[in-house]
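Novice: Build out the structure end to end from the sequences listed, making use of the hints.
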Amino acid sequence: TNVDMARSSNISIEDVKILGHHELFSYMFSEKMLQRFSQDEIVVKTWQVLNEENPDFSIAHFKQVMKILVLTEEDKERINGVYDFMLKAYKYVEFSDVNIAKLILKKTHFLGCVAFIDKFSSPQHFSQWIIQFFSNMPEEYIAAASQQTAGVKNTQIRYRILKDSVESFLQE
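Mind the numbering: the sequence shown is residues 213 to 384 in the working numbering, read in order.
I should point out that these hints are in silico values taken from the structure, not numbers from a laboratory. This structure is a prediction, so every number in the text was calculated from the model and none was measured. Do not rely on the hints blindly, as some may be mistaken.
As the list claims (entries may be wrong) - Distance windows between CB atoms, simulated:
id, residue 1, residue 2, range
1, S334, L262, 16 to 24 Å
2, K303, L382, 16 to 24 Å
3, N263, A355, 22 to 30 Å
Using N, Cα and C, we set each Cβ at its ideal position, and we do this for glycine too.
Specialist: This is the structure:
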């Protein structure tokens, strides 16, 4: 696949693979999907969310990122910390609502959530927002998460809606 070809040319692929062994991915993917290295794509896209002002998840941009991506020690620690935080938040959500817990581990929603982790004081606080938002997703968000999800336009729409929701939640 295009992702496999891009992975093969990256000089940080071993670091990506190490991050891809995080426990979180055993909740996200079946064993079969893990063997196909689906988590590697999430690791790189997590880096994009944390480092690009307007993440572009298109395959063309993914290939460009994979050509130049060099994960620093700081990148690896930050990504691992994000996954630790998300795993804890996931477990809080799962305790309250199994369906929402499953939903936030889908790639599109997961990457959207990752962008706002730094705004929350704890995984439990973050999980409260997750439950509130995903219990009553705006129609515009659902539409932007349902088609052409990798495109810049729909990514920006989702991020704007998530950002507004997070800001509103934190002001309550």
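Novice: Against which earlier hints does the structure fall short, listed by number upward?
Specialist: none
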